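Student: Each chain, written out:
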Amino acid sequence: MADDAIRLKKMANGQFAVALRQFKRNRMAMIGLVMLGIIVFACVFQHYLTPYDYAIQDIPNRFAPISLKHPCGTDQFGRDLFTRILKGGQISMLIASTAVMFAAVVGAILGATAAFFGGAYETVVMRFIDVMMSIPGLLFAAAISTALGDGIDKAIIAIAITRISNLTRIMYSSTLTIINQEYIEAAQAGGASTARIILKYIIPNCLAPMIVQITLQLGITISIICSLSFIGLGVQPPTPEWGSLLNVGKGYIRQYWPMVTFPGIAIGLTIICCNLIGDGIRDALDPRLKR
Amino acid sequence: MFRFIIKRLLLMIPVFLGVLLIVFIINRSSGDHVAALLGDSYTPELYQEMREQLGLNDPYPIQFARYVKGVVTQFDLGTSFITKRPVKQEIIARLPLSIKIAAISLVWSVFIGVILGIISAIKQYSVLDYSLTTLAMVFSSMPSFWIGMMMMILFSLILKLLPATGLDTWKGYILPCITLGLHPVASFCRMTRSTMLEVIHQDYIRTARSKGIGQLRVIISHALRNAAIPIVTLLGTQMNTTIGSAAVVESVFNIPGVGSYMISSIGTKDYPGVQGSVLVFSMIVCLTTIIIDILYGFLDPRIKAKYIESGKKRNYRET
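For the protein sequence lines, the chains are A and B, in the order given. Residue 19 is where the first sequence starts when you use my numbering, and the numbers rise one by one after that. Residue 14 is where the second sequence starts when you use my numbering, and the numbers rise one by one after that.
Hints listed in this document are in silico derivations from the structure and should not be mistaken for laboratory results. Bear in mind the structure is a predicted one, so any value in this text is a computation, not a measurement. You may find that some hints are simply not true.
Calculated cross-link-like contacts (lysine-lysine; reagent style DSBU-like; alpha-carbon spacing at most 30 Å) [to be verified]: (1) A/K172 <-> B/K101; (2) B/K282 <-> B/K82; (3) A/K268 <-> B/K113; (4) A/K42 <-> B/K136; (5) B/K282 <-> B/K97; (6) B/K113 <-> B/K97.
Isolated chain B, as found in the complex (with noise of 0.2 Å):
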């Protein structure tokens, strides 16, 4: 198990390098960051000891080992052109509040849309199977920020009943935490569906039903468990699609999270607070790919077996 574990650790590492090089080549190709970080007057002298300073004279090869180094060992995510300072200061302040927002998203979603979607299977082609359906579809088709922006007008001009923008009270993460997890409340709910459909006519859940086992219990440790793979999966795959959505939402709402400092950073023409913040961004992805990966272990009774089995020594001679 362990070794597993260690395996998947180790397959992040050509991954997350990736991901650097791909922001080190949009990095190097936004414009010109002598300029910017110099401003309006500069020698030509002064210009190119910046550059030499800033070590871009360097070949590209020796240029990205330094950026690499620079992000693993001090989380060195450039500076400003604005504010001249670090950007890892300022993302660093915002990070807690926005895996906040987005953790109470997934996981308030992950409950709805797993109870709707089994309740959608285990009622089907009734009203309510088709009305959750569309439902899902509907809410999945609309952008997530525009759903945002017409809550908060029916809730907070219309009706008054909560505040627009700004987090001072617990009422204030209703709305985001909400608009945030309706795209993934709605593939949950059709993926839950889904597979409970499959599971729910297979014969072990006929077996169960005939030994008297209740319905409760029927769903939640016989069906669930085997529908349970693909609702993990779906779940990374929502992390990326929420962190994505996650920027924008907190633009339209005005929380101060990474993903406003991006959005403000793209309105000053600060491409190093753009770059660092997807750069932050990515790597959390990152993180949650490979424990969902170990997660599968846990879950997954053939990979544990298949690891366990590799690690068991051979004392028999295969013929």
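With the rest of the complex left out, here is chain A (with noise of 0.2 Å):
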């Protein structure tokens, strides 16, 4: 009995910990971890791992059989697909993420803002939201583009500012749930600053539905950039991008399949895992299912 006590009191028991915990025993959820784990590595250190270079062309070898010297086959220019797959991952995942950090940023702040001070700003900016929601995603993302260009940056930009409506919306529904509980009340009247409130209560609170909401915004930018590098704007070839890879392959579709085949498992498994990822959190963040 005196055992038990000790082993529970020594068990971390904070929010974050027991998430933690929940999330290791979800196995789908840490299927797509390790999978993801695997692609980043992968991708990240594609020099290494791969004997070829994405950008040198081997003209006698192009459209080669899918073999174990070429597991995914060649390009049009004798390129190792494989290689340019991992490259290309480097990209996609780099565009993806960093959108993504960006409009969550953002976001978080104009919606704790617009929660926390509400009145005609806090009206301003949920009307922009939803004018934002309405026009859809990769649309928006396609017309930005033509006002900015085309290149890395210009697509991070871009993608970062569709995505900006869906976590302000988030930040905002928990800030103003938190904001009216009566604890908060009860530390104004203990005292507490404005900034020791949103340090101490707020941001905390918000934090689990943010993340939740980030990774699973990250399977969905990568499926935006893909297929806005697919239509022609965002990253343009050569550069090894998933979605620009696609988009050269579909000129080539009738006689060689791979090259349209293989980037789309690459851009389906990377969201697969986003996905998995993205329940798991908020499986293991949530109150009801706590064991």
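Both chains are sitting in their own frames, so use the hints and assemble them into the complex.
Tutor: Structure follows, in structure tokens:
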């Protein structure tokens, strides 16, 4: 009995420690995490993992059949497709993660301040968010790309702008829930400064839904950046981003199917991992499922 | 009820103006319109004259007001850089086809998705349930245009069952509509499954069953009616994403709709074409949102009651 008590006391019981333990028990989420880790590792260390260079052409070897030498075949210039997919993963995931981080920061500030200060500012911000949500994500990013131009940095900005609305809404609703609670009023009555209330109460409680949303948005953003490059905006060939690999491969679909198949599998796998992890985090942070 | 509808329609106006503002800002930031319209050689005087003619020297609020007036009264979406003709001609010609494809995709995906979701919920924890949920998750993670290309390879190039591109026969509609409908089907299946699971465990379902009502009637008349509201919400969201993927799917299957017009405009750097298409798509999304909001009023008795109550005359004093 006493041993149990001592053991229970030693287990960390903070919100995130409990969530972490819950997450580790979720088999699908752990599979997603491991797979994503492998994908990220392979893409980051692409240079050391494959003997080929992603840019050097080898025309005699173009459209090679699938073999151990070229597990995904080669493209129209003879470049190894597996190498280009790994390199492309760097770019796709870089753009997606940067865009989501940017959108998360802007969205968090907008949402939190709108809920906190209220008034006309809140109405204007939330109406604008409603407007941004009525424009389909991919089309919005495409329209912004026409104004900004091509390139990795401009693609990041274009996509980040379209993701702001979702994250602002989440931050807004969780901040609104919290600041209406009585313990905030009690803290204010006890003399806590605004900064202390924000740091100690609001941010920790809003962090959980934001993290879930950020992970889920990551999957959606990868899909959008690939679609954007597929239609010719964002990243242009010969930069080997997944979407632009599909764009080029589309032209050779009748004679050489690997060029459209394998980049798509990479995209699909990565998004599945993000969704599994996002669902796992959501279930782990859900107090109703706590055991 | 009527007041409810009018109120919802009025709420659409600021959203619509907001969308116009965003497209206007993008339009004015996307390159030099005058140079694009004039072509290769022009004198500075001609340049200035064209600027005056297009109204680009006026302050921005006046330009925006003129833009809004143009869109609302004449549906003027700008002039194409390439053809020098109004963009709206091309878009209006192509719009019916795009709407047709999107409508077919959404209709079949709602039916099949809801039915699969119900089956999944009734037979929870069975092999069918697990495989359906896994398939739903896998399909909704793959980009829809990629699935389209894979199906094109399989059914048109390898099996030679269906035409790869073009809409000459009814067979040409099969691949694009299935491709567009796959993401919504997966979402509807998951959403229907989770709401039905919540509803099925409620007491009123137990009561209905204990009264001897058959399983089918219990599901349709009692369970589904209560699960309908989140499904209708999802319909609105799916409209949004389906229109986004419709553009790319149209280009993959060479369907002459607004989406492929937008993508070919991107290729020729014809920015008014792109912005006009985006505006039209956004307006369609706005309209569907309004229709779905109004549908809520009919579906959810709480919303209906709120508006009927507020319309009634109060002939008692509140103490």
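Student: Against this structure, judge whether each hint is valid.
Tutor: Quick rundown of the hints versus the structure:
1. The suggested pairing of A/K172 with B/K101 holds, with an alpha-carbon distance near 28 Å, which does not exceed 30 Å.
2. For the proposed pair B/K282 and B/K82, the alpha carbon gap of about 26 Å is at most 30 Å, so the pair holds.
3. Between A/K268 and B/K113 the CA atoms are separated by roughly 25 Å; this keeps the pair inside 30 Å, and the hint holds.
4. Taking the CA atoms of A/K42 and B/K136, the gap is about 28 Å. The hint holds against a cut of 30 Å.
5. A hinted pair counts as satisfied when its Cα atoms are at most 30 Å apart, and B/K282 with B/K97 qualifies at roughly 13 Å.
6. Among the hinted pairs, B/K113 with B/K97 is consistent with the structure: their alpha-carbon atoms are about 28 Å apart, no more than 30 Å.
Hint check: no violations occur; every hint is consistent with the structure.
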